[in-house]
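**Q** Those sequence lines, one after another, are chains A and B.
Heads up: the first sequence begins at 67 in the numbering used here, then just goes up one per residue.
Heads up: the second sequence begins at 67 in the numbering used here, then just goes up one per residue.
No wet-lab data here; the hints were simulated from the structure.
Beta carbons: idealized from backbone N, C-alpha and C, even for Gly.
Treat the hints with care, since some could be wrong.
[Stated by the list, open to error] If you anchor each label on the Cβ, the simulated ranges turn out as follows:
1. A:Gly231 x B:Arg246: 54 to 62 Å
2. A:Arg243 x B:Asn68: 56 to 64 Å
3. A:Pro378 x B:Glu304: 18 to 26 Å
4. A:Asp196 x B:Glu376: 40 to 48 Å
[Said to hold, decoys possible] Residues of chain B placed beyond 12 Å of chain A at every Cβ, according to the derived structure:
5. His70
6. Ser71
7. Val179
8. Glu292
What follows is each chain in one-letter form.
2 protein chains.
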Amino acid sequence: MNAHSIIAATVARLNHVGGVRQVFLVACGGSLVDMYPAKYFLDSEALTLRNGMYTANEFVYAAPASLSENSVVIVCSHGGNTPESVAAAELAQRRGATTIALTHNPQADLQRVADHNIIYAWGNDSSVADNPMAIILGLCVEILQQTEGYAHYAAFQRGVVQIDGVVVRARAQVAVRSVRFAERYQHESLFYILSSGASYGHAYGFAICSLMEMQWLNAAPIHSGEFFHGPFEVTDRETPFILMMNQGRTRALDERALSFLNQYADKVEVIDAKELGIATLPPEVVEYFNPVLFYSVMCEYRAALAQRREHPLETRRYMGQVIY
Amino acid sequence: MNAHSIIAATVARLNHVGGVRQVFLVACGGSLVDMYPAKYFLDSEALTLRNGMYTANEFVYAAPASLSENSVVIVCSHGGNTPESVAAAELAQRRGATTIALTHNPQADLQRVADHNIIYAWGNDSSVADNPMAIILGLCVEILQQTEGYAHYAAFQRGVVQIDGVVVRARAQVAVRSVRFAERYQHESLFYILSSGASYGHAYGFAICSLMEMQWLNAAPIHSGEFFHGPFEVTDRETPFILMMNQGRTRALDERALSFLNQYADKVEVIDAKELGIATLPPEVVEYFNPVLFYSVMCEYRAALAQRREHPLETRRYMGQVIY
Numbered sequence: 067m068n069a070h071s072i073i074a075a076t077v078a079r080l081n082h083v084g085g086v087r088q089v090f091l092v093a094c095g096g097s098l099v100d101m102y103p104a105k106y107f108l109d110s111e112a113l114t115l116r117n118g119m120y121t122a123n124e125f126v127y128a129a130p131a132s133l134s135e136n137s138v139v140i141v142c143s144h145g146g147n148t149p150e151s152v153a154a155a156e157l158a159q160r161r162g163a164t165t166i167a168l169t170h171n172p173q174a175d176l177q178r179v180a181d182h183n184i185i186y187a188w189g190n191d192s193s194v195a196d197n198p199m200a201i202i203l204g205l206c207v208e209i210l211q212q213t214e215g216y217a218h219y220a221a222f223q224r225g226v227v228q229i230d231g232v233v234v235r236a237r238a239q240v241a242v243r244s245v246r247f248a249e250r251y252q253h254e255s256l257f258y259i260l261s262s263g264a265s266y267g268h269a270y271g272f273a274i275c276s277l278m279e280m281q282w283l284n285a286a287p288i289h290s291g292e293f294f295h296g297p298f299e300v301t302d303r304e305t306p307f308i309l310m311m312n313q314g315r316t317r318a319l320d321e322r323a324l325s326f327l328n329q330y331a332d333k334v335e336v337i338d339a340k341e342l343g344i345a346t347l348p349p350e351v352v353e354y355f356n357p358v359l360f361y362s363v364m365c366e367y368r369a370a371l372a373q374r375r376e377h378p379l380e381t382r383r384y385m386g387q388v389i390y
Numbered sequence: 067m068n069a070h071s072i073i074a075a076t077v078a079r080l081n082h083v084g085g086v087r088q089v090f091l092v093a094c095g096g097s098l099v100d101m102y103p104a105k106y107f108l109d110s111e112a113l114t115l116r117n118g119m120y121t122a123n124e125f126v127y128a129a130p131a132s133l134s135e136n137s138v139v140i141v142c143s144h145g146g147n148t149p150e151s152v153a154a155a156e157l158a159q160r161r162g163a164t165t166i167a168l169t170h171n172p173q174a175d176l177q178r179v180a181d182h183n184i185i186y187a188w189g190n191d192s193s194v195a196d197n198p199m200a201i202i203l204g205l206c207v208e209i210l211q212q213t214e215g216y217a218h219y220a221a222f223q224r225g226v227v228q229i230d231g232v233v234v235r236a237r238a239q240v241a242v243r244s245v246r247f248a249e250r251y252q253h254e255s256l257f258y259i260l261s262s263g264a265s266y267g268h269a270y271g272f273a274i275c276s277l278m279e280m281q282w283l284n285a286a287p288i289h290s291g292e293f294f295h296g297p298f299e300v301t302d303r304e305t306p307f308i309l310m311m312n313q314g315r316t317r318a319l320d321e322r323a324l325s326f327l328n329q330y331a332d333k334v335e336v337i338d339a340k341e342l343g344i345a346t347l348p349p350e351v352v353e354y355f356n357p358v359l360f361y362s363v364m365c366e367y368r369a370a371l372a373q374r375r376e377h378p379l380e381t382r383r384y385m386g387q388v389i390y
């Protein structure tokens with residue numbers, strides 16, 4: 067079943083009990099990062115539909131009172147056996163919610179506790195439309211369209227078709243500059259990652275997954291709008307910043323951060339979605355696709371950094387290595 | 067007007083147009099931090115009321131479609147003249163929303179664009195119930211109570227009465243240990259701040275305001291539940307962690323982080339709300355008061371650190387010093 071038919075079946079079933087009222091997005095770490103664009107989309111566009119995004123264990127221990135048969139709970143786990151994520155889906159089912167599980171593992175425990183299962187594609191050869199970030203966003207677009215209606219539904223679908231080509235070209239475009247980045251920043255021990263809008267989740271994701279987890283480097287995300295209300299006081303000529311500039315409504319926030327950094331910082335790497343070709347997407351929906359582009363492009367940066375630092379992306383000292 | 071009567075007037079007026087449907091919490095930096103407990107409360111307890119929390123400039127540039135005459139928009143700015151926050155309140159008024167402004171400045175621009183104004187108390191001599199974090203939480207409790215009803219409303223009001231005494235005793239309790247903390251960590255350049263539940267916002271706040279803004283130190287918040295899904299790979303014997311342990315539903319998440327840190331880290335400062343006396347509050351509502359306690363207690367820690375480092379809390383190099 068594709069996103070359209072999963073949601074059609076869900077909406078039809080829930081219409082007997084009062085309809086879909088809440089969408090909960092529940093996962094951990096990198097999978098939670100993949101949910102942020104969908105949360106941002108629903109926050110922006112929904113008129114009555116509620117949503118919540120939770121790290122799985124908080125959802126399990128402090129479940130929202132509204133979790134009910136009127137809820138759709140989307141749970142994502144790459145390996146599909148993350149205990150907190152499985153427990154979250156179990157809890158959702160006990161409360162009568164409809165669960166949709168995404169995983170890359172066809173043998174995942176998570177599938178036992180899901181009403182609908184999506185096994186997604188992964189790796190550089192897959193189309194980004196088949197990766198979890200775009201799938202989850204697509205599910206939420208379907209939920210909105212099939213409940214309240216969404217004025218830019220057709221434009222969104224055009225965006226889904228177009229984004230893969232943008233990503234392929236952008237990856238090629240950063241091939242040389244990502245190696246230069248790695249060369250320049252190989253000895254740094256800390257990075258701040260700035261972005262806004264739908265991409266703030268990926269600023270968080272690049273910090274916690276690509277740098278902290280995969281490179282054991284210190285990192286923190288900063289919202290471009292929040293930067294001027296505290297964080298920017300750490301700016302100096304020695305501290306590295308990575309700024310992911312969005313195309314769309316929040317671009318002005320990223321531009322303001324760039325202007326400040328150009329004045330007061332020397333180590334600034336700019337990844338500009340506009341310069342990387344995303345502006346060919348329909349303007350009504352382009353902002354929601356920025357993080358899809360940034361994810362793929364930043365994979366080039368982290369791969370180059372890993373190679374230059376001789377610290378493979380797969381190396382872990384705790385995750386899967388010790389009991390916790 | 068107090069919170070109860072402001073909300074009573076708002077609810078009465080909005081009943082003519084379909085009632086209160088959305089609560090938007092809008093601010094920047096430290097004032098945004100003060101809104102997180104209210105957001106967590108509404109996410110947890112509301113059955114139909116929607117909410118959203120926004121850094122002000124994102125609200126201005128990417129306002130939610132649902133912003134309307136059915137919205138209550140709470141805007142907070144300490145100095146009351148933050149341009150983005152004033153613009154956010156203006157936008158809210160243009161869209162027909164009811165605006166409630168909080169500021170410490172009786173001459174603030176923000177007041178021009180507010181339907182209701184609250185001038186709050188500030189400083190160590192004020193009761194925490196009169197500070198913005200508790201006021202905003204109290205406003206949202208009133209909104210919920212006066213629309214859907216809130217089963218633990220009476221318990222919450224008991225909590226408001228009790229928390230001030232807990233805070234006063236806790237501040238005294240950490241007087242010596244905050245000086246020891248400053249002594250031990252005075253030469254560190256980076257801290258990770260962990261917490262969960264209603265207090266995650268204050269983990270963010272201590273990082274961006276107390277450390278980055280006021281001490282020019284590197285810092286990042288980590289959600290205790292997310293810690294195990296990426297961030298914990300940076301753990302070693304040299305990296306400092308501050309863990310704020312909640313009383314209430316998410317305590318298990320903080321305890322899990324503590325157990326890991328006790329094994330793999332040496333520089334761990336634990337601020338435990340339970341040990342600091344918060345468990346005397348009603349169990350149904352205690353979790354929402356953790357960040358009120360943490361804010362006050364952590365003021366002792368940052369003051370001690372500032373004194374030891376001879377870097378006054380008021381020193382800025384950009385904020386209010388340069389154009390941005």
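**Q** All hints, please: hold or fail.
**A** Here is how each hint holds up against the structure:
Taking 54 to 62 Å as the suggested C-beta distance range, the pair Gly231 of chain A and Arg246 of chain B conforms, at roughly 59 Å. The given range of 56 to 64 Å is respected by Arg243 of chain A and Asn68 of chain B, whose C-beta atoms sit roughly 57 Å from each other. Look at Pro378 of chain A against Glu304 of chain B: about 23 Å separates their beta carbons, and that is inside 18 to 26 Å. The hint said 40 to 48 Å for the Cβ distance between Asp196 of chain A and Glu376 of chain B, and at roughly 56 Å that hint is violated.
The beta carbon of His70 of chain B sits about 22 Å from the closest Cβ of chain A, which is more than 12 Å, so the claim that it is off the interface holds. Residue placement check: Ser71 of chain B keeps its beta carbon more than 12 Å from all beta carbons of chain A (closest about 26 Å). With 12 Å as the threshold on Cβ separation, the claim that Val179 of chain B sits away from chain A holds: the shortest Cβ distance comes to roughly 19 Å. In this structure Glu292 of chain B is not separated from chain A by more than 12 Å, as the shortest Cβ-Cβ distance comes to only about 5 Å.
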